[in-house]
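Q: Chain residues, written in single-letter form:
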Amino acid sequence: MSKKQIVILGGGTGGTMAANRLRRRFDPDEAEIHVVDRDDRHVYQPGLLFVPFGLAHVDEIVRPRRRQLHKGVVFHESEVEEVWTERDEVLLDDGTVLPYDVLVVATGVRLQPEETEGMTAAGWNERVFTFYNLEGAEALHGALERFDGGRLVVNLVDMPIKCPVAPLEFAFLADWHLRERGIRNRTELVYATPLDGAFTKPIASEQLGSLLAEKEIELVTEFNAGEVDGIGGKLSSYDGRELDFELLVTVPLHGGAPYVERSPGLGDALGFVPTDRRTLQTPVKPNVFALGDATDLPTSKAGSVTHFEAEVLTENVARYLADKELDAGYDGHANCFIETGFHKALLIDFNYETEPLPGHFPTVFGLPLLRESRLNHLGKLAFQWVYWHALLPGREIPGIGPTMPSTGKKRVPVHT
Amino acid sequence: MTMTLIADAPVDVDAEGFMTDPEQWNEQIAQAIAAENGITELADRHWLVVKFMRERYLTTGTAPSIRSLGKESGVPVKELYQLFPKGPAKLAAKIGGIPKPKGCI
Chain B
1 MSKKQIVILG
11 GGTGGTMAAN
21 RLRRRFDPDE
31 AEIHVVDRDD
41 RHVYQPGLLF
51 VPFGLAHVDE
61 IVRPRRRQLH
71 KGVVFHESEV
81 EEVWTERDEV
91 LLDDGTVLPY
101 DVLVVATGVR
111 LQPEETEGMT
121 AAGWNERVFT
131 FYNLEGAEAL
141 HGALERFDGG
151 RLVVNLVDMP
161 IKCPVAPLEF
171 AFLADWHLRE
181 RGIRNRTELV
191 YATPLDGAFT
201 KPIASEQLGS
211 LLAEKEIELV
221 TEFNAGEVDG
231 IGGKLSSYDG
241 RELDFELLVT
251 VPLHGGAPYV
261 ERSPGLGDAL
271 GFVPTDRRTL
281 QTPVKPNVFA
291 LGDATDLPTS
301 KAGSVTHFEA
311 EVLTENVARY
321 LADKELDAGY
331 DGHANCFIET
341 GFHKALLIDF
351 NYETEPLPGH
361 FPTVFGLPLL
371 RESRLNHLGK
381 LAFQWVYWHA
391 LLPGREIPGI
401 GPTMPSTGKK
411 RVPVHT
Chain L
417 MTMTLIADAP
427 VDVDAEGFMT
437 DPEQWNEQIA
447 QAIAAENGIT
457 ELADRHWLVV
467 KFMRERYLTT
477 GTAPSIRSLG
487 KESGVPVKEL
497 YQLFPKGPAK
507 LAAKIGGIPK
517 PKGCI
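Protein chains in written order, with the numbering used here: chain B, 1 to 416; chain L, 417 to 521.
It is possible that part of the hints are untrue.
[Claimed, not checked] Below, simulated DSS-like cross-link-like pairs (lysine-lysine); rule was C-alpha separation at most 27 Å, straight line:
hint, chain 1, residue 1, chain 2, residue 2
1, L, 494, L, 518
2, B, 71, L, 467
3, B, 162, L, 494
If you're looking for bench data, these hints aren't it; they were derived computationally from the structure.
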């Protein structure tokens, strides 16, 4: 075939894995692969959770994007201005026009704290923080060191968010951190969620429902934050409830990358890209694919999801270019560790159809699911090495494939 | 999951009364669920939200969040709370015959 142009927007988890897998799949004279990102900082995002507690430093979790890409992948450091799907071209902010045979959208999400009234007004990064980016996580580290008790409110404004369990993990780690410092008895720790529980799936809720009470974390449910007063220390919901705080740790609203909204037909009203949940092709045009947090798929926005998607995506880009039928192989598989403090963690594994179940992963001899253990915590710590050295380069991880494993899982009845 | 009768029609519901099969829904069922949850009459604005929720769920597999509702249904968030005082996303889902909005765990 003639030399194909594959353009990948975003050099994060999804874009890097897709580029490296596609680079291995095609000979240099078969395809040219371009990756576009606005900066050269690849953040190991699971590490952000640890920064506020001094358990990780910013420079340990950032590496150059360029260096994660295989030889033969062309990197463009620029914002994307617009995608012209009718012409199969991308316009970059620096004026470059990249024509493509296949486009892969992997630009993740952007945080939109300004969409909540008052959030970025006075008090932002003084009493109101997010740990969802480097700057915020580092500022929160300083604030936690100065924190001397009072009310600490952890709030996620609305779904969808990246790594939906991270705010809960933050609350668990804050509990541990404050106990170690001996100021837990003069701190009220509050977890406020728009959902109707900290855990909303029946089996997880039954197995883990008591965790917050055990850790003396006050749970506020169905709380849709509408306004923040960072000077007065008040978080208000649309239905008129108020939560006072000394320190607010928020997970702001999420939307897609700005160019998605500027590109006709590419995204929905929040800037996420409608994507086929099985093939990862988008309805805008057959040569446009998407993966990772940028999609509108009804599964978690998480690195593990992106990893499992990358395998199906690579296969389907190749099939599309070879004029073959696409593989409807992605099952919504997601997998994540949940830090619970005191050197322990939980592990959950699920897909579109199967909720998180107890048992072991990936087989009966594996890590315990839906249960606190030290092994899971070690797994989470070890994962950073796996991320840089196996996941991003696109190597297979033995025993862990895109499809959710069922052996090892226990189907338990739910008691209602 | 249990079978129950709403507006004389047999429907499958979860423990909290959310329908688990959107295909079993009809407008009489919607009225009956609304009445049971303190909304005596579904007005045009209620229907707008309920039908938007349903359509979104049936096409994407997820119920829209409060923010998407506010941005896309044509009904601003403050009004959503007037229409569905106990929590618009959850109540409109219930009335619309779609499963309860959930997190991943």
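Q: Each hint should be assessed against the structure and marked as holding or not.
A: Hint check:
1. Between residue 494 of chain L and residue 518 of chain L the alpha-carbon distance is near 22 Å, which keeps this suggested pair within the 27 Å criterion.
2. For the proposed pair residue 71 of chain B and residue 467 of chain L, the alpha carbon gap of about 51 Å is over 27 Å, so the pair is violated.
3. For a cut-off of 27 Å, the pair hint linking residue 162 of chain B to residue 494 of chain L stands: about 26 Å separates their Cα positions.
When the structure is compared with the earlier hints, a violation turns up for hint 2 alone.
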